[in-house]
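Protein chains in written order, with this note's numbering: chain A, 16 to 407; chain B, 16 to 407; chain C, 16 to 407; chain D, 16 to 407.
Everything labelled a hint here was simulated from the structure, so no lab data went into it.
Any given hint could turn out to be false.
Same chains, same names: a pair is fine if it fits in one copy or spans any two.
[To be verified] BS3-like mimics (lysine-lysine), calculated; alpha carbons at most 30 Å apart, straight line:
#, residue 1, residue 2
1, K256, K281
2, K241, K112
3, K90, K19
4, K389, K90
5, K382, K112
6, K112, K19
7, K19, K41
8, K21, K112
9, K21, K90
10, K90, K112
11, K256, K382
12, K389, K41
13, K21, K41
14, K241, K382
15, K382, K41
16, K241, K90
17, K356, K208
18, K112, K356
19, K208, K351
20, K177, K382
21, K21, K389
There are 4 protein chains.
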Amino acid sequence: MNEKRKILAVTGARSEYDILYPVLEKLQQDADFELQILVTGAHLSENFGSTIRHIEEDGFTIADKVYNLINTDQKIGRVISLGHQISGLAQTFDRIKPDVILIVGDREEAISVSLTGAYMDIAVAHIAGGDVTKDGNIDNSVRYATSKMSHIHFTILEQHSKTLLKLGEDAWRIHTVGNPALDRFLSLPTLTKAELSTQLGFDVTHDEYLVLIQHPIITDFENEGKHIRATLEAVVSLGNKCLINYPNSDAGNHVIIEAYREYVTKYPQLFLFQNLDRLTYVNLLRNAACLLGNSSSGIIEAPSLGLPVVNIGARQRGRVSAGNVIFVDNDTEQIKAAISKSLTDKSYRTSLRALTNPYGDGNSSNKIVEVLRKINLDSNLIHKNITYTTHE
Amino acid sequence: MNEKRKILAVTGARSEYDILYPVLEKLQQDADFELQILVTGAHLSENFGSTIRHIEEDGFTIADKVYNLINTDQKIGRVISLGHQISGLAQTFDRIKPDVILIVGDREEAISVSLTGAYMDIAVAHIAGGDVTKDGNIDNSVRYATSKMSHIHFTILEQHSKTLLKLGEDAWRIHTVGNPALDRFLSLPTLTKAELSTQLGFDVTHDEYLVLIQHPIITDFENEGKHIRATLEAVVSLGNKCLINYPNSDAGNHVIIEAYREYVTKYPQLFLFQNLDRLTYVNLLRNAACLLGNSSSGIIEAPSLGLPVVNIGARQRGRVSAGNVIFVDNDTEQIKAAISKSLTDKSYRTSLRALTNPYGDGNSSNKIVEVLRKINLDSNLIHKNITYTTHE
Amino acid sequence: MNEKRKILAVTGARSEYDILYPVLEKLQQDADFELQILVTGAHLSENFGSTIRHIEEDGFTIADKVYNLINTDQKIGRVISLGHQISGLAQTFDRIKPDVILIVGDREEAISVSLTGAYMDIAVAHIAGGDVTKDGNIDNSVRYATSKMSHIHFTILEQHSKTLLKLGEDAWRIHTVGNPALDRFLSLPTLTKAELSTQLGFDVTHDEYLVLIQHPIITDFENEGKHIRATLEAVVSLGNKCLINYPNSDAGNHVIIEAYREYVTKYPQLFLFQNLDRLTYVNLLRNAACLLGNSSSGIIEAPSLGLPVVNIGARQRGRVSAGNVIFVDNDTEQIKAAISKSLTDKSYRTSLRALTNPYGDGNSSNKIVEVLRKINLDSNLIHKNITYTTHE
Amino acid sequence: MNEKRKILAVTGARSEYDILYPVLEKLQQDADFELQILVTGAHLSENFGSTIRHIEEDGFTIADKVYNLINTDQKIGRVISLGHQISGLAQTFDRIKPDVILIVGDREEAISVSLTGAYMDIAVAHIAGGDVTKDGNIDNSVRYATSKMSHIHFTILEQHSKTLLKLGEDAWRIHTVGNPALDRFLSLPTLTKAELSTQLGFDVTHDEYLVLIQHPIITDFENEGKHIRATLEAVVSLGNKCLINYPNSDAGNHVIIEAYREYVTKYPQLFLFQNLDRLTYVNLLRNAACLLGNSSSGIIEAPSLGLPVVNIGARQRGRVSAGNVIFVDNDTEQIKAAISKSLTDKSYRTSLRALTNPYGDGNSSNKIVEVLRKINLDSNLIHKNITYTTHE
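The shape of chain A in the complex, shown without the other chains:
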């Protein structure tokens, strides 16, 4: 049979969508596939920038919108959102009957999709399993649980694949492909500093500017206020312009946003953006002097740019980095020192230009598409035999 394979991608936040996008773009253009997108979670909230519009602008077919995000910062909110998401997902899966569902990462969407797929006997392909985030984070538990219920694994690093093997996943289900987000990142056009300034609405052509992206830590959101202030104090004590991007939708993001609003009012060197378009964002990093905060961009994309990164606090700790990242605590003095080194230590800066990025070479989405084209969609794929425990 040469029927098209029905792929349903599920996305709940812009961070996932950015990883998915290069894969979706290729699937969309490929006659072997029929692609639809289920949009849910933070994408559908004005409080998080209504990022569904990016998906609409990109021209994909939206299968359904599953509104599930509970309007609260309390921990209970995430899991109630997850519970409500499941019935919406199931309704769509039942209608469309996809051959494969595609999902990324370690957020509520990942676990709810893998659960729903597992119970409904639909193949789930999971991108970015086997990763680990160190210290106090539910993300690891959710990511592992997602892997145990998924049928195809697209990992980012070789050692993530090894982790999945240790977890008892079959080798034939695991494909080390790198991070698809890099595909797009590396292929986006380059803006001049002048063009970038036009996009931003103010001049950065002569600036050694900083970029700050700090997401809340779900397991420690009580300290978000103190932490973000430690960072902001470090930033304003230096003279450089700092362009700040909104945090994601995790509990505690409110506190961070409030702090940004307060500091932006007081310090004209600070600029706050709620939703930068991708082209602007990439070129912002390409021209930045240093990236601050705890965004995965510092780990994953920055090495390809030779960009120095100051990673602040527990988030991203324990992840493989290419040598361009200084890890510091939520401490103003440590942050200041790390920024200074990043801006002024010439041998450090020089060393960053020669980095090899362990997160990929810009070809990840092709690798994923080829697996999705060729993998046997049979009961062997769906019914996982976890055999290693039975040999004893």
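With the hints as your guide, set chains B, C and D onto chain A.
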């Protein structure tokens, strides 16, 4: 501090409750603990015998009833039920703020509790992780995922503990305790055959009777009708009385129940029970000539009774058994042959009397209670550091 | 613009679907409309006969299946089911963006659809508003609330329209059309008694047989067991065959079904059917000597057949009837007397042949289709101005 | 029996809570009652000021928190929130088994509570039924539907009671009590202008200041941006200080908040408050020169203060007002003219001092408590007989 530890046990089906009961009974009587039970799932459905009444009769405090079971046999029903369950659980957890939540097994309740606990930073103690059921069953995926999100593991077999270690769980979180259901099973009073006959409402004092318990297989429920008929044909071809117990609430159980009703009408040697009380059930097994079907009783309790078991079909395959189980396919001839051997092969029957039961010695619930009494309820317990992957 | 009008019909039980069907059939064949069906509630449960298969067999396009029915007989089950239904409905409405949603009656589906339509600014056309069921029934509250939130009213009786006017509904929104179920009922082919016997699987050619349909009363389900036994005792005390149809899915139906199973085993004159096809059902009534129970068939369809009806208990009390109905309490003696009169009182039986049926003339569905074709779909339709209270 | 009557009040937004509070305070102090509060909706969202803290500070027992508010401004969000709310409410109702549930108004909470109570056979007492808001508003539909499913009606105005009678509600269920919010409003201590200035953090002792409160209109939220700007342009064209209070949580509130933030940055005469405490708010109105916008405060409380009100746009149109309200469109010139008249027309201002407030005399909560103390809690209360339609 010597405040009582608040334990919330969650149960969604009688099979779980039977495992939990000996633990609950001890916690209830222990001044160090304050115990409540959240009742959900099949317990609240008349179609599954309204088994909440057992919990009420046992005198436990019911924290909340979470009605979530969708009235359908379709696969989609289980996962929608699971999704709805989460918001109910979360509401109760948020109100009660238990120190530890206790859950058993690999059903929807297990994964929904572990997810909700993980997102809400409440310690989850999981009984019966690390187990494996061979072939075609979502139970494995769900059980592993549950383990990856739980904080304390009470395993039944030593090799289950080893499996959890391989899955990256910390050794200090894992306690091999055996199966608590055995505690109660072994301690229940013995009825004479005459007393048993009175309970049943018909005479079995001179019968070499069979007991049949066959649960549906969620991943293969399309074949339930064929499979149960294969079993029933084998049973009726022999002359023995056969006492049949209702299947559990998994998708496909309807088909099994319909077949039972049809055969019971035609064959007076068959007797169908919807909800046997525990005392009757245990003594039914103590006096049975052979147990048929795919109930875990054949694996776990039967060895302590020296009872021969014919396990039919994929369910229970791959589980450790003590030598009293003949595994056969859903094939009438195979089933007949295995029953015959079980009834007539003297050396086989003799060998069963000397079995050691790998599933425990009747002391499991005490072991669990002692761990719950002493374990530190701190952030180290809640925040799982999955460190083995970061050493590379 | 002459775009097709998108109609989404929602149905949750066979009783509604039977009323909707003649309308759906006409919409389906009409080039001015594009019709889809959302299937939910009892249709999706094997316990209620999986009646979605009728909709599939009838060849309609199913927009989505919303699995929502909680598996319990407790009162809480219906409202939880209703709550879960809403998010499923909303997801479908948001995807399809129908011009008009069509709904019938006073069940959970009616109120959940009207609520969802009202909040989402989508026109809801409600069939069978303004009706009243006397004594002890939530149906009235739900039906009135549904009317207050619906935008177009198709009523069955002239006095139902008057009731809606009193409730403050605009006259232009109200259309007295009769009961569409009659359209199909009257147009179905006539089977001979011999053909009917073949359908049933046993002979009724020479029988003065009874038909029994008794639904539970949600507000009094504790007495269902006593009530149904009162009826069954009356039936078996007479010699006539009695053909029994399953009750609907309301709380308490279990008790009725159990009683049926018990009596059917004991009395060979009783015959129990779970899901009669429509042709058989209609001809069953055409040839029946008397209809017993509390089905609306006795009120609505029976007059067109001149069929005597014994309506037992509170259900249907207070509804307009054509003179063919004897209303009795749940009392064996009263029931027996009323059956006797129905079977033997010649002048009574003769009078029934000349009845005019107030529930319609078989043309209701055409009237509904014409309104749906012509009504202005504008904000005046959607935004209800309830003006009569402001004039004071 | 003299057992305490169990009252469960449900509140989802501060506006309702302010109406409920005087009743709750009295029930709390009364030995005949046992009071608990179920908190849900906007109370639990940081985006709406986490107003649950007021309830906690007031010292009431919180029965459960039902997190249900979907994080979106789209219309679909409200009804999905409502659906999810129902299962949470039902879980609590089932656990507590209240004698009476108390609810206010026409928001999602009102309809979801009345539905859940009706299906679970629990008496629902509804405050503020029979009211009407003119033009384009779902509130009327929801309020009427709520009344049709509630068992006791506490109305605010005599004509609201008449409306309920016309709707077919029994006279004995209807009690005209006035608006309880006035009880508290009238009894709160008076601050001097100096004390008020201290509370506000800036001086208003010599100011003829305006107060602006504008809520979104759910059926017209696409025009919110234009409308709020029309108002703000009028305000800034005059010199007066204007103290602005945040809108409620209805869809479209975001647009209003954004406009406020923009104007506040540009115009130092504008002051924006997210959550004024009640004492400050009342004294703010007592000392204000004019109240603008579309808050119900202008209709209900302002007459007791002789405060001139400019009501802008469709919200509140059609409500009974005492003569202190000028109704204008969302038009800058009209708004300016009405403010000018309110500030400078001496005979108009003088006439306001002599108003009688039709919304009550400060004794409403006592009246409600007395009904709750004495009403028979029997099946006659629960089972509504809507008889007027059956007489025809």
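Structure-based check of each hint:
1. K256 / K281: The answer is both: 13 Å in one copy and 23 Å across copies each meet 30 Å.
2. K241 / K112: between (47 Å within a copy, 26 Å between copies)
3. K90 / K19: between (41 Å within a copy, 25 Å between copies)
4. K389 / K90: Result: close only across copies, 27 Å inter versus 41 Å intra.
5. K382 / K112: within (24 Å within a copy, 38 Å between copies)
6. K112 / K19: both (13 Å within a copy, 28 Å between copies)
7. K19 / K41: within (14 Å within a copy, 35 Å between copies)
8. K21 / K112: Cα proximity of K21 and K112: in one copy and across copies (8 Å, 24 Å).
9. K21 / K90: between (35 Å within a copy, 20 Å between copies)
10. K90 / K112: between (33 Å within a copy, 13 Å between copies)
11. K256 / K382: neither (40 Å within a copy, 61 Å between copies)
12. K389 / K41: Result: close within a single copy only, 15 Å intra versus 46 Å inter.
13. K21 / K41: within (14 Å within a copy, 34 Å between copies)
14. K241 / K382: neither (43 Å within a copy, 43 Å between copies)
15. K382 / K41: So K382 and K41 pass the 30 Å test inside one copy only (11 Å; across, 51 Å).
16. K241 / K90: within (19 Å within a copy, 37 Å between copies)
17. K356 / K208: Result: close within a single copy only, 24 Å intra versus 55 Å inter.
18. K112 / K356: neither (54 Å within a copy, 46 Å between copies)
19. K208 / K351: Classified as within: same-chain Cα gap 26 Å, cross-chain 47 Å, threshold 30 Å.
20. K177 / K382: Intra 18 Å, inter 35 Å, cutoff 30 Å: intra-copy only.
21. K21 / K389: within (13 Å within a copy, 40 Å between copies)
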